[in-house]
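These two chains come separately, so use the hints to put the complex back together.
Listed below are the residues making up each chain.
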Amino acid sequence: DAGITQSPRHKVTETGTPVTLRCHQTENHRYMYWYRQDPGHGLRLIHYSYGVKDTDKGEVSDGYSVSRSKTEDFLLTLESATSSQTSVYFCAISDWKENTEAFFGQGTRLTVV
Amino acid sequence: DAKTTQPPSMDCAEGRAANLPCNHSTISGNEYVYWYRQIHSQGPQYIIHGLKNNETNEMASLIITEDRKSSTLILPHATLRDTAVYYCIVRVSGANSKLTFGKGITLSVRP
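Sequence order for the protein chains is A and B. The opening position of the first sequence corresponds to residue 176 in this note's numbering, with each subsequent residue numbered one higher. The opening position of the second sequence corresponds to residue 602 in this note's numbering, with each subsequent residue numbered one higher.
Please note that a few of the clues may not be correct.
Unchecked claim - BS3-like cross-link-like pairs, simulated, lysine-lysine; straight-line CA separation at most 30 Å:
hint, chain 1, residue 1, chain 2, residue 2
1, A, Lys228, B, Lys670
2, B, Lys699, A, Lys245
3, A, Lys232, A, Lys186
4, B, Lys604, A, Lys186
5, B, Lys653, A, Lys228
6, A, Lys186, A, Lys228
7, B, Lys699, A, Lys232
8, B, Lys699, A, Lys186
9, A, Lys245, B, Lys604
If you are wondering where the hints come from, they were derived from the structure by calculation, not from laboratory data. Every value quoted in this text rests on a predicted model; they were computed, and no experiment measured them.
With the rest of the complex left out, here is chain B (with noise of 0.2 Å):
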């Protein structure tokens, strides 16, 4: 699987727009980006994933270049509650295809 790079941590403020990005610049045309996060000591919990097209859910949004070699991880309106690490992980289409994680980034959202 393609790896991907995203800066070890940010924050923002409470009730701002967190924008986390990621690139994956092997990213092959197969390969969806999916988003994770993590908060405290509890299991990853899935936010988001798309292949090509921007996709939004109830939790946020997620834009990807057109060239498909990076992406942006929006959270509308941050609360104290996401602050979580939030991995960003490419991952090949088909059923036998794992989630490899790395390091993330911390997000802190600040009062």
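Pulled out of the complex, with its shape left as it was, chain A reads as follows (with noise of 0.2 Å):
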């Protein structure tokens, strides 16, 4: 398996409350990404990074910033957490060489209250 850590897995905050997830890889792989997913749908794609502070926005990047000050972290910031953003958050990295996989972390459920 890739060697790629979301943390924490599971977490209950309050809203209204700042949440950070990280994502941790030791692949050394360039490009980054972040997804939630909701019941009914697939992966929704939040924000990525293809480098060292390059990140960009995804589809659903309302609510969320992003960080990458190195290249094996990215993190995601909820600056003000709601209920809406109750989800399970999944990272995903890849160099994308010769089109090959990408590789996903196992994912953080977050609950806001």
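Structural data, given as structure tokens:
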């Protein structure tokens, strides 16, 4: 399995509090992604990174920010959590060399109460 | 990226081949077909991908029609552990292109 770790795996937080999720990789892959998954939906892209300090928005980026200060870590921050951000969050990594696959973490289940 | 269409669900008997269809009628010449699966609530797992030739690996076979407008993922001998949601995705070649997931097809393998 690819070396990708998400932390925490589970979190319950209150509305209005800031939350940061961490994705850590040991594969030295250039590209990192944050997705969310809700019932009735497939995975939806929140933000992605194509290098250190290089990030861009995905299709559901409102209410989220990201940072990547080093290759191995990609942080997802909810500045002020809302109940609509209750979801399962997945991180993915890839280097897309020769169009090979992306690897996904095991997910973080976030509940905003 | 081109969109894909998959039926919402299907089932098959354990030990039999599972043939999962996918339509991607607007696929472009530089777009690959990828298949991922998600077992229960785990992270998606890569299965296979192809451009225009049929592909086979230890997990599955991918059959792409000559016009590239549809494809079929074949699990040759389905087991109960293959019960999962399977996603068919088309992705433009090139590093900045992303994986865009639809709702996938739920495969249920029955004993």
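**Study point:** Unmet hints by their number, sorted upward, for this structure
**Key:** Result: hints 1, 4, 5 and 9 break, sorted rising.
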